[in-house]
Amino acid sequence: MASADLTTPESLTSDGVLDPESAVWVRRLGGSGSEYDEAVTRLHELLLRVTRSEVRRRRGQLPIAGPELDDLAHQAAADAVIGVVAKVAQFRGESRFSTWACKFAIFEVSTKIGRHFWQKPAVPMDAEDWDRLPDRFGLDPAGVAEWRDVIAALHRAVDDELTDRQRQIFVAIVVNGTPLDILVVELGSSRNAIYKTLFDARRKLRASLVTNGYLADDVSRQT
Amino acid sequence: MSSWGSLERFLKTDPADAGCAETFELLDRYVERELAHGDAAEQFPGVAAHLSSCNPCVQDFEGLLAAIAGPAGSSRRESTTGR
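Protein sequence lines correspond, in order, to chains F and Y. The numbering used here puts the first residue of the first sequence at 1, with every later residue one more than the last. The numbering used here puts the first residue of the second sequence at 1, with every later residue one more than the last.
One thing to keep in mind: the hints can contain errors.
[As the list claims (entries may be wrong)] Below 30 Å or equal to it, Euclidean Cα-Cα: the simulated DSS-like pairs (lysine-lysine) are: (1) F:196 / Y:12; (2) F:204 / Y:12; (3) F:204 / F:87.
If you're looking for bench data, these hints aren't it; they were derived computationally from the structure.
Build out the structure end to end from the sequences listed, making use of the hints.
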């Protein structure tokens, strides 16, 4: 995977000064006394609005509602405030402070949802049902003769080509349909590490299917 | 297109893919760039490549976009993630 390109930050003036609102946030959260306390209270209010809005936006994907959903929003906002206050010295003004802070609130909602599902898993982590794979990829039952061999070849490649860790993560996410953020909690890992492992597994599996003639070669898209 | 086109697309990897950590690092800038100029995918191609294949990060992107721009901001998703 590659590093992303960087562009000129939007929120800095031409002489590198923070926009006024961001500057106030940084000064007060980096201070002490009543000014600091008031800034933390305002930050909590801001992030709670965001986490509440975010859990409402995602509520269709969640088996919880009402007080439990609001509790999740409160937990996410509280943890986001702690994270933002701890990292405020790292804020470089590359976006508005409020946008930067809201990013942590959104991420905390994802984390809390993952933890909630991990406590109440819909699918046992050690399950493995390859018969569900065609449905997961929306394969047309009418074309079973066409894709049955491909699925069998994919299964062989998963068993023969992947490391134990790659196989574990591929089966959990792709075969069992476990959301990635739940696997993060289950394995005590990070989203980035899980994604990278799955990324490498996808690359290996595609190469195997190409080598064995099941998929057309497309060198320019592969690393 | 074969009937396993969705499987084929899933297995394709993009070498430009920035990964989850880099995407999180840049997500605030990506969202502000998109809202101000509508060209975040061109300015941050690695993030755009990542958002085309990572559902959790897409959720975070859509959530931040909605938080900053309001729910209507989510309609920009297709133009910025290529999905």
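Each hint, compared with the structure:
Proposed proximity of residue 196 (chain F) and residue 12 (chain Y) is supported: the alpha carbons are some 14 Å apart, at most 30 Å. Straight-line distance between C-alpha atoms of residue 204 (chain F) and residue 12 (chain Y) comes to about 10 Å, which keeps the hinted pair within the 30 Å bound. Restraint check: the Cα-Cα separation between residue 204 (chain F) and residue 87 (chain F) comes to about 38 Å, which exceeds 30 Å; the hinted pair is violated.
The structure fails to meet hint 3 from the earlier list, while all remaining hints are met.
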